[in-house]
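Okay, here's what each chain looks like letter by letter:
Protein chains: 2
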Amino acid sequence: MVKMTGEGLSRRKVLAGAGVLATGAFLGRLSGGIADATMDVEYFGPVTAEVGKIRMEKWPWPYVKLDPAETAERAYHTWYRLYCGGAVIGSIFGQLAEKVGEPYKSFPCDAFIYMEGGITEWGTICGSNNGANLVTNLIIGPRTTDTEDGALMGTEIMQWYSDALMPVYVPKKPMITTAIPRTISHSPLCHISVGRWMKASKKPMNSPERKHRCASVSASVAYHLVELLNQWKDGKYVTKGTVGVQVYNISAQPDCEDCHGSNVPIPPAPLKKTT
Amino acid sequence: MVKMTGEGLSRRKVLAGAGVLATGAFLGRLSGGIADATMDVEYFGPVTAEVGKIRMEKWPWPYVKLDPAETAERAYHTWYRLYCGGAVIGSIFGQLAEKVGEPYKSFPCDAFIYMEGGITEWGTICGSNNGANLVTNLIIGPRTTDTEDGALMGTEIMQWYSDALMPVYVPKKPMITTAIPRTISHSPLCHISVGRWMKASKKPMNSPERKHRCASVSASVAYHLVELLNQWKDGKYVTKGTVGVQVYNISAQPDCEDCHGSNVPIPPAPLKKTT
Chain V
1 MVKMTGEGLS
11 RRKVLAGAGV
21 LATGAFLGRL
31 SGGIADATMD
41 VEYFGPVTAE
51 VGKIRMEKWP
61 WPYVKLDPAE
71 TAERAYHTWY
81 RLYCGGAVIG
91 SIFGQLAEKV
101 GEPYKSFPCD
111 AFIYMEGGIT
121 EWGTICGSNN
131 GANLVTNLII
141 GPRTTDTEDG
151 ALMGTEIMQW
161 YSDALMPVYV
171 PKKPMITTAI
181 PRTISHSPLC
191 HISVGRWMKA
201 SKKPMNSPER
211 KHRCASVSAS
221 VAYHLVELLN
231 QWKDGKYVTK
241 GTVGVQVYNI
251 SAQPDCEDCH
261 GSNVPIPPAP
271 LKKTT
Chain G
1 MVKMTGEGLS
11 RRKVLAGAGV
21 LATGAFLGRL
31 SGGIADATMD
41 VEYFGPVTAE
51 VGKIRMEKWP
61 WPYVKLDPAE
71 TAERAYHTWY
81 RLYCGGAVIG
91 SIFGQLAEKV
101 GEPYKSFPCD
111 AFIYMEGGIT
121 EWGTICGSNN
131 GANLVTNLII
141 GPRTTDTEDG
151 ALMGTEIMQW
161 YSDALMPVYV
171 PKKPMITTAI
181 PRTISHSPLC
191 HISVGRWMKA
201 SKKPMNSPER
211 KHRCASVSAS
221 VAYHLVELLN
231 QWKDGKYVTK
241 GTVGVQVYNI
251 SAQPDCEDCH
261 GSNVPIPPAP
271 LKKTT
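Chains V and G are the protein sequences, given in the same order. Going by the numbering used here, the letters in the first sequence line up with residues 1 to 275, in that order. Going by the numbering used here, the letters in the second sequence line up with residues 1 to 275, in that order.
In this list, chains with the same sequence are indistinguishable; a pair is considered to hold if it fits within one copy or across any two.
Only pairs whose alpha carbons sit at most 20 Å apart, straight line, appear in this in silico SDA-like list of lysine to any residue: (1) K199 - D163; (2) K199 - C259; (3) K65 - E98; (4) K211 - P270; (5) K273 - E209; (6) K273 - I176; (7) K99 - Q231; (8) K58 - G101; (9) K233 - Q95; (10) K211 - S201.
Bear in mind the hints are in silico, worked out from the structure with no lab data behind them.
Turn these sequences into a full structure, and let the hints steer you where they fit.
As C-alpha cells, this is what we get:
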C-alpha cells in the first residue's frame, strides 16, 4: 500500500528487525493503521468535502522543476517581508503560481508569517523547517495518501539543517555585504540555531547581520528543498529521513545530551505488538 | 495603522517605556516597518496573485461562532486520524466548511498531519499549538494585514497551554475510560509536554493512554481557541499574548531556567533605534 524508496525501505526493515517498529505511531499505516476496533467512526472522513472549486485536498500537487538558486534568491528577499516560514513557502509556491497556476495561486502564503522566530518569536521550530515540512506535505502529499516521501523529505531537511554550517547559501544581492560567521545548530529549533549564531557573532537580534543571517538560512533551506523536490520529480528521490519515536521511544530530536547532559531519561518501554 | 486591543496596547506602552520596544522584529509594523531603504523591492509584492477563484489571501476569513464542546469532541476524534495539528485545524475548519463554505471547503486540512509529534515526531512544537497559530492567522489574519490579534491570540494559546494542567478537556466519548494523570508542561514543546506526562503516568508512547492523553490535549486547545475566537467575533477579545524578543532579546519561551538552569546566557544588547 505504501510506496517506499529503496534506502528508506531498507532502514525500516532493519528497524523492524530490531523490534522497534511497533513503537512508532508514525508507522501506523505500515503496520495496519492506527484505528482501533472501538473507534467512533463518525468523525473519520476527510475533514473538508471535496467539492471546492480548487482541489487542494488532492495529491500530489502539480510540480515543475525549479531552479534552486533562483528559489534561494527569492527566499532571501521574501524573508524581509514574511520571515523564515513564509520565505521558504512563498519562494516555491510563488514560482509555481506563475508556472503552474492553481492550487498555488489561491494558497494563503502570507499567513505563514506566523512561523517566524520559532512561531511568533517563541523560539520553537525554525520557520524554515516548519515551512519546508508544509511544502513537502502539500506537494508530494501527506501520510494520509499512499506515500511517506513527503513526511520523510521533511525530516531529512530538519536533519540536514541541524548538521549544516549555516548559512550555506550566499545571496547574489545581499542586503548587507558584511562578512558573518557560520555556525552549526545541532537542532532544528530557532532559539538554539539563532542563539548559537548570536554567541559566535556577538550581534544582537535586531542587527542587520542577524536578519541577513536568518534570511540566508531560509534561502539555504529553500535551495536544498528544491534540489530534493527536483529529484522526486525525476523519480530519483531516495530519502535519508528518519523519525524519532522509532529510535527514542518518544518524539525527539537526535541530540539528547545537548539538553539533558549525561543524564538522559529513559522513556517507558513500548508495548509489544499484539497483532 | 495597527488596531490594538486595550490590554495589549498598555503592555506595549510599558515595554516601550522600558526601552525594549526596538528589539522586536515583531514590532516592525508598529515602529515603522522592517523595510530598509536599501531593500530590493523586486520580490516584495504578495507572493501569489489575487486572481484565484478561492480568495484565501483576503482577511479576515468569514467566521461564525462555534460551540467549544462540539469542537473539542471533533478534535479529540480527529486526532486518531490526523494527530494534534490536524485535529485542531480540522475540528474548526471542518465545522466552518459546513456552516460557511469557502475558503474552508478547499483548505487542505489533511496535509497538516505533518505537525504531529512536534513535526513528524521530532518533538519540537506541539502540533496543537502549531495548528492553533495557523487557525488564528488564517481566520483573523496575519500581521501583514492591519491587525496583530491573530498573532497575539496564537501566543496567548501557547502560554495558556504551557501553564495548564493538561489535559483540561474530558471527552464525552473517550476511546478509553482509564483514569490518566494531568501534568503541566511549562513549555509549548511536544517532547517536554509528552515527556513530563509519560514520566508521571509511566505509560509508553504507543500506549492507548498516551494517545488518549494527546487527543484530549488537542481537544483542550481546540475548546479554548474557539472560546477566544468567539470573543473576537463579538468584538470583545482583549489579548493576553506577548512575544519573546521584546522581553528576552532573543526568540524564546519564558522558561529560561528549565533548560539553562541557573546559568542563563545573556544575548548581545539590542541596537538602539536610530529613527
